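Trainee: In case you want the letters, here they are:
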Amino acid sequence: MHVPDGFLDAPTSIATGAVAVAGVAVALRKARTELDDRTAPMAGLVAAFIFAGQMMNFPVGAGTSGHLLGGAMAAVLVGPWTGALCISVVLLVQSLFMADGGITALGTNVTLMALVGCGVGYAVFRTVVAVLPRREASIPPAAAIGALISVPVAATAFTLLFAVGGTAPIEIGKVFTAMVGWHLLIGIGEAFVTGLVVAAVMTARPDLVYGARHLIGERELQIRKAAAA
Amino acid sequence: MSRRTFYAIALLLALLLAGFGSYYASAHPDGLEYVAEQTGFIDAAEQPKTDDSPFADYQTKGVDDERLGGGIAGVAGVVVVLLVMCGLAFAIRRRRTPETADH
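As they're listed, the protein sequences go chains A and B. With this note's numbering applied, the first sequence corresponds to residues 1 to 229, in that order. With this note's numbering applied, the second sequence corresponds to residues 1 to 103, in that order.
For reference, chain B alone in the conformation it holds in the complex (with noise of 0.2 Å):
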């Protein structure tokens, strides 16, 4: 399988994980979440600040449909974690110059 097949069906399965494949996931609170409920402190979370974010709570501003506002702001993560991941890996890289390509 050439890279480039490889990257693109890694992205692929990413984008419907988030996209679609989210909707199905588990509504129940994740362990810490009912770990707190279940000892008691769960009260002393405090709202979020970032609530009034266009994808709250994965889903979409304006879009009422949770399907598809979930699955908006699935895509959208990727997407901006996939950018902001790569552009971090390209800057700090090794650069490879004719003469140390082979280490």
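Okay, chain A solo, but in the shape it has when bound (with noise of 0.2 Å):
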């Protein structure tokens, strides 16, 4: 969903890079509380992961591809704020050396991918885990729900930046319907994509999954209390 240079106008593009780069030093700060010691290497990890699936172009219909976004992925592994400076940095990379998504439309990208990423995919996975039995088996269709949803709405998001600042005279409505329509297919293979990542890191460390800390909490309040009896 990279957006090139020249699809939305210029007050647009300096609109979405105010929110953007306000979305970022809020993330800066909040995600403090997400890393430590133990975290900071999953992020980086996490980051390049995404960099890399990102790369892997899935067919999704006659003539057209989807790829990961990642924002669910990373909110859940290692905290929506932490989540969307990964993000951030995916794009940024990805603008300034493999000329993917446009500099002017770098503050466009990351409000889409990163804030609202992260922000949906990580909001809808908590409601998720909030209705689901409260154990771990439940976190990866938490995610993956949460992914599903997440690029629809970005779809959505983008079309309507389309609709305020963008540079062609397009019917809103067929931007919307193709826009929505290819992202909900797309979206699926997000869902399925982000549902084995967290359930491969699920089983190999659940203590390294950010979406789970509150049951690694329980856990070790169990332990505690066996060793009191």
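Everything labelled a hint here was simulated from the structure, so no lab data went into it. Bear in mind that the values here come from a model prediction, so they are computed numbers and not experimental data. Glycine included, each C-beta is placed from N, C-alpha and C at the ideal position. Hints may contain errors.
Unchecked claim - 16 Å max Cα-Cα, derived EDC-like pairs, lysine to aspartate or glutamate:
#1 K174(A) - E33(B)
#2 K174(A) - E37(B)
#3 K61(B) - E46(B)
Unchecked claim - Where chain B lies over chain A, by a calculated footprint (3+ residues, C-beta under 8 Å):
#4 35-43
#5 62-71
Two chains, each in its own frame: build the complex with the hints.
Mentor: And the structure:
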């Protein structure tokens, strides 16, 4: 979903740039509470893994492909604020070195994929976690549902930006239908990959999954109780 | 699994995907690009300003072989992203002192 230079006019790009700068500034402050010596390398690896994952375009239909956006995955694995920083770093490197996503569109891309992607992905994840049984097996499907929803929501956010500041006179309903339609399909791929990766980390090192911290705490309490008795 | 082993496997997987697997990725336009073509605003896209970067379009300048050039670009990208994000995470992390280790 990398927006190139030119799709959105200058005022809209400046506005999304301001939103991105504000969002990243808040994330830099809030991520402090999510990161310590143990989890800092995890943040680097999650960002590197999502960069790699974004290179793996999968076909979604006649002549179209999609790839992992990674917002929900990063938010569940390292926390929503650190996750937003991970995606922002990926987008910055892609824009500067890979010519993927415009420089003037960097604010738009950070807003859509880092802020909306992580924010919506994590909010849906938490909602689903609250509904599902309180155990470790609930974490991967909750992450997958967060991923599934986050992609069409980001596509809708792009459509709104295009309605406000699109540089070509295209009927917005057509853009909306096409964007959401295709990104629902891409969202299914996103859900599949996110569920798989989160399940793998939950199997290997559940203590490194930010979204499962509430369960790990419980587990420690149970051990202490047993030791006391 | 030790944390070190886990991190090593994750990094190896990222390097394999970016350095080797990406050659087999779908070359079709992604969702946004396709919609832009379909509905007619693809021409609004400008030539990327970083087009002359050594790894533009996930290829490597001076390497003609697509598989090799794509692989080098992928590995370079993974390494740069890893270093930048690790550096950032360590710079802003909560430092543990012995007194606050158990919070």
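Trainee: Checking against the hints above, which ones are violated?
Mentor: Hint 3 contradicted; others consistent.
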